[in-house]
Amino acid sequence: MAPSSPQPQARQAASASRRAGVIPVERWFWFLAEENAQGIALPVTLLFALLVRWCVALHGYSGQGSPPLYGDYEAQRHWMELTWYFYDLSYWGLDYPPLTAFQSWACGWVAHLINPSWVALDRSRGIETHTSKLFMRSTVLVLEALIYVPAVVLLFQSRQIQANWIVKQAAIFSVLLQPCLILIDHGHFQYNAVMLGFLVWTVYFAAREQYLVMAACFCCSLMFKQMALYFAPAVFAFLLAKCFRSPYGVRLFVQLGLVVIVTFGVMLLPWMGSSAQLQQILFRVFPVARGLYEDKVANVWCAVNVAVKLRSMFAAPVLLRLAAAATSVAFAPSCIHLFLAVKRAASGQALVAADAVKLLCYALVNCSLAFFLFSFQVHEKSILLPLAPALLLIHEEPWAVNWFVQVALFSMYPLLFKDGLQIPYWVMAVGWSMLRSCPACPADKRTPLAVLNAQWVSTLVMVAIHVANMYVPPPPSLPDLYVVLNVVFSCTMFVLFFAYFNYRQLTLSLVRVRTTRSKKKDN
Amino acid sequence: MLGAKDIAFLLVGVGIKLLLWPAYHSTDFEVHRNWLAITNSLPLSKWYYEDRSEWTLDYPPFFAWFEWALSLAAQWWDPRIVQLDNLGYATGSCVAFQRLTVMVSELVLFSALGRFVQASGGTKQSKIAAALMFLSPGFMFVDHVHFQYNGFLFGIMVYSLVFAMEGHDLLAGTTFAVLLCFKHIFMYIAPAYFIYLAAGYCAVFRTRRRQPVGRCDLDVGASAQRLAKLGAAVVVVFAVAFGPFAVLRQLPQLASRLFPFKRGLCHAYWAPNFWALYAFADRLLILASRFVPAIGHAIDLSGLAASTRGLVGDTSFAVLPDIPPAATFIATLLAQIPAYAVLIRGSSSSGSRNKKRRSGSQRFIQSVVLCAYASYMFGWHVHEKAILLILAPLGLLTAAPTQGTLRMFAVLSTAGYYSLFPLLFGSQELPIKAAVLLIWVLCSLALLKSDRGLSAWHCLLRAERLYVLGHIPLFIATELLPSCAFGRLQFLPLALVSVYTALGVTYSWLGLIHEFVL
Chain A
1 MAPSSPQPQA RQAASASRRA GVIPVERWFW FLAEENAQGI ALPVTLLFAL LVRWCVALHG
61 YSGQGSPPLY GDYEAQRHWM ELTWYFYDLS YWGLDYPPLT AFQSWACGWV AHLINPSWVA
121 LDRSRGIETH TSKLFMRSTV LVLEALIYVP AVVLLFQSRQ IQANWIVKQA AIFSVLLQPC
181 LILIDHGHFQ YNAVMLGFLV WTVYFAAREQ YLVMAACFCC SLMFKQMALY FAPAVFAFLL
241 AKCFRSPYGV RLFVQLGLVV IVTFGVMLLP WMGSSAQLQQ ILFRVFPVAR GLYEDKVANV
301 WCAVNVAVKL RSMFAAPVLL RLAAAATSVA FAPSCIHLFL AVKRAASGQA LVAADAVKLL
361 CYALVNCSLA FFLFSFQVHE KSILLPLAPA LLLIHEEPWA VNWFVQVALF SMYPLLFKDG
421 LQIPYWVMAV GWSMLRSCPA CPADKRTPLA VLNAQWVSTL VMVAIHVANM YVPPPPSLPD
481 LYVVLNVVFS CTMFVLFFAY FNYRQLTLSL VRVRTTRSKK KDN
Chain B
1 MLGAKDIAFL LVGVGIKLLL WPAYHSTDFE VHRNWLAITN SLPLSKWYYE DRSEWTLDYP
61 PFFAWFEWAL SLAAQWWDPR IVQLDNLGYA TGSCVAFQRL TVMVSELVLF SALGRFVQAS
121 GGTKQSKIAA ALMFLSPGFM FVDHVHFQYN GFLFGIMVYS LVFAMEGHDL LAGTTFAVLL
181 CFKHIFMYIA PAYFIYLAAG YCAVFRTRRR QPVGRCDLDV GASAQRLAKL GAAVVVVFAV
241 AFGPFAVLRQ LPQLASRLFP FKRGLCHAYW APNFWALYAF ADRLLILASR FVPAIGHAID
301 LSGLAASTRG LVGDTSFAVL PDIPPAATFI ATLLAQIPAY AVLIRGSSSS GSRNKKRRSG
361 SQRFIQSVVL CAYASYMFGW HVHEKAILLI LAPLGLLTAA PTQGTLRMFA VLSTAGYYSL
421 FPLLFGSQEL PIKAAVLLIW VLCSLALLKS DRGLSAWHCL LRAERLYVLG HIPLFIATEL
481 LPSCAFGRLQ FLPLALVSVY TALGVTYSWL GLIHEFVL
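If you read the protein sequences in the order shown, they are chains A and B. Here the UniProt record's numbering is used: position 33 in the first sequence is 33, and no number is missing along the way. Here the UniProt record's numbering is used: position 249 in the second sequence is 249, and no number is missing along the way.
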């Protein structure tokens, strides 16, 4: 009798200690697993994601009720009304690549079926009726549900993501309820989830080792928003390295080239007739004339500008070259590392698909962060680009990604404030910090103590800037004080994250590669 | 005590409710704003006479005092909220204030459910039952979108039931008297309270040693003492509430405000009860009259245009006989017989004292459920929101339910919460109501367990599962199809919802009677 009694206690203690390191989201899935209710986990996550998105969509959008130019919402609606590249360019001329044009055209066609007044050319400018808002909001939701959501779910359920059921479910939940994307797409109003969805499909097909489909998906992403160029070096390095495998490397190279040419060709087909049209697209899509940066954005140029007025020191073309050089230097290490690691694996030793995906995700984060920090004409919304691949690493880097999301959300506050999205901002910020975060549960043993403390400090700084912003009016000589503080703080953090993710890529993944090789040798 | 999990759970709910602020709110929003203004700007003597707005004060005095207390905060928040002539005032600050008061007052329900969990021994299943009630679509739709203060009121009701569970019958009775002075719709369940308190609290029995089992004498002295205590408590509560108005000789005016007998049998949208089925049968007979001339002769032409056209007026039927209010009253009384039977059977049960108390309070809650059910099924001008009056006490019973109770709860909660959909008719709220209900139904089917450990979904019979799943095609047909699909039959979507959900509601009424009484 005596030896049998401590056993259940020990088991209880073991399960309690296992649970102590569990963040609140994971605790929910723990609970479902204990209750034998795993079946409802994914449906409830998806429905909850839908609910939160639609609730955010009830709130304001960019440029609501502010004639004459309104904002991104009106821009997107306007494109549905005209959809091509030559039209009164001072009023939201279309400045995205052809796939966005196709999407606007399709949405415009549906809108015309339902209610032609929503998209009547010129006459519908600034239309803000209740039903037209509902229609616009639902197009975002439907496109995201068609492209982004299935990619995320499939990727995390694939065998290439190595984690247990609870961690995977919690990762799906977190990626789908990531505040930044929800607030920008469903609050501010844009279709970033389409571009990022194609990116997740790119990663998914990389995991499935179907490189032709992967290339096509990435081309779609590029053709939806030229911003996907932030990822291009990493994707290029990855695919190029794959072409060095023997014996079919050359064949793969040719095939990839064909896929890219065909994808671009199909999308540009309507404009193939005249070079003027193509030129116009190029000119609209890459507005190099707009300057180093526009509003306040948390990248290096804007932050440095606080001390050194770069824009008055150099002419625009010089700055363009400077930015290009700095960006190249910044993304080079991670892309070269990715290329070499994959190439070495491709020639001879097999790199485990799971490791290749992990490596690709790290490189995508680093590459896009390099662009965000150092390139020309960056928007504050562009932080969504590094965030997307970073979130795919959420099971690998629980605290870093969580922290990254917090700071990214904070960096977008001035924009969200303009759109009247304070309530969703606070709900999402507190909700994310509470459900994902380590400060909410100090028992989290996976997080080093120093990191916990640093994260506390960073949270306090952000809260302090918010509180000061609310209660202390800025001095009249510095009207933008709080925005600048926001920019400087966020930029510093982003640089630190950039360094951290680079460090992680260069160290951790190399070990993985070596172990797989040594295994091969043993065999 | 509140654990980290409870707080996380509360905050997730709060987050969704905060995000719902800009959603649709019904005229009840302006009703309550107007009451804030009335109680703030007028002396007590004019509260029940003020009629500048059509939304006159028609809740009992304690609710008026509650509004008065809120109006003090409102005055500080935004003085324009409490201006009497500021009809239809609904700016951002006003919406924020009123929505916040709902969320804060709902904490009464939260704390009541916490006490319920304690009273049930802190079991996991009682926590799940409490959580499912706190985040139920009922409160989400009716309080946080449509706009009412049910979370607060049902919190008081849960407190009263939990007091009974803990054996504090006097406190339970007093709390219920207070609740009645907040909102008189709770009179629906007053008969159950009356019999429970009379038989279970006031009547004290003396057992003699050599008496045969089951026979005992009434202890008259002790019983009279308890009756006096309870009576005094109830009288004090009512005196505090209505005394000032009695002194002002306003009681007849109050009565005319609280009980307006001018409304029809059915609401514009039929609440899914017996009369909905009755009205639908009438419609079917009208259709049948085209083919069977015998019915055609019986058609009363005034009924043809009436009940489905959507005015809150007198309901008249075309073929079937009209229903006078007295008939609904008698039908309700008859339907309440099972509720009394539950209590009478309960008082004769044997067992240890503690066990007896537990089972006694369980039977009491069962009787409250059946009592509310009877009024819902056969009452005059029943509102679809009254389903909460059944689901709240029944939800408490799902902490450790028998298989039968759990099955009936699953059917009734799906049908009952679905029947609230027409309250939120706008297409903006469409995804919200669908997502909230689906999440809730999925969680309740998977997480509620019978006393043998089977989940609710596994308890359901095949036909019941089909019925629950049938709400999905119903949703597609009535909410997603464009209205032109129904042609001339514009009433059909609403009628379909009423009839389909009425089937489930009626079915689980019979099932619960079978479960509790037989």
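Treat the hints with care, as some may be off.
Derived DSSO-like pairs: lysine-lysine, alpha-carbon spacing no greater than 27 Å straight-line [said to hold, decoys possible]:
| no. | chain 1 | residue 1 | chain 2 | residue 2 |
| --- | --- | --- | --- | --- |
| 1 | B | K46 | B | K124 |
| 2 | A | K168 | B | K124 |
| 3 | A | K418 | A | K133 |
| 4 | B | K5 | A | K168 |
| 5 | B | K5 | B | K127 |
| 6 | A | K296 | A | K309 |
Beta-carbon label-pair distances, calculated as ranges [unchecked claim]:
| no. | chain 1 | residue 1 | chain 2 | residue 2 | range |
| --- | --- | --- | --- | --- | --- |
| 7 | A | Y503 | B | D451 | 38 to 48 Å |
| 8 | A | R159 | B | T123 | 37 to 47 Å |
| 9 | B | L287 | A | N164 | 54 to 64 Å |
| 10 | A | Y471 | B | V14 | 16 to 26 Å |
| 11 | A | L154 | B | S26 | 18 to 28 Å |
| 12 | A | K418 | B | V236 | 32 to 42 Å |
| 13 | B | T402 | A | S117 | 33 to 43 Å |
Treat the hints as calculated values from the structure; they're not laboratory data. Even for Gly, the Cβ is constructed at its ideal location relative to N, Cα and C.
Against the structure, the hints come out as follows:
1. K46(B) x K124(B): violated, 50 Å
2. K168(A) x K124(B): Roughly 25 Å between the alpha carbons, so the hint for K168(A) and K124(B) holds.
3. K418(A) x K133(A): Since the Cα atoms of K418(A) and K133(A) sit roughly 18 Å apart, the hinted pair holds (cutoff 27 Å).
4. K5(B) x K168(A): holds, 21 Å
5. K5(B) x K127(B): Between K5(B) and K127(B) the Cα gap is close to 11 Å, so the pair holds against 27 Å.
6. K296(A) x K309(A): holds, 14 Å
7. Y503(A) x D451(B): 38 to 48 Å: Since Y503(A) and D451(B) have Cβ atoms about 56 Å apart, the given range 38 to 48 Å is violated.
8. R159(A) x T123(B): 37 to 47 Å: holds, 39 Å
9. L287(B) x N164(A): 54 to 64 Å: At roughly 59 Å between Cβ atoms, N164(A) and L287(B) fall inside 54 to 64 Å, so the hint holds.
10. Y471(A) x V14(B): 16 to 26 Å: At roughly 23 Å between Cβ atoms, V14(B) and Y471(A) fall inside 16 to 26 Å, so the hint holds.
11. L154(A) x S26(B): 18 to 28 Å: Violated, at about 42 Å.
12. K418(A) x V236(B): 32 to 42 Å: violated, 57 Å
13. T402(B) x S117(A): 33 to 43 Å: violated, 58 Å
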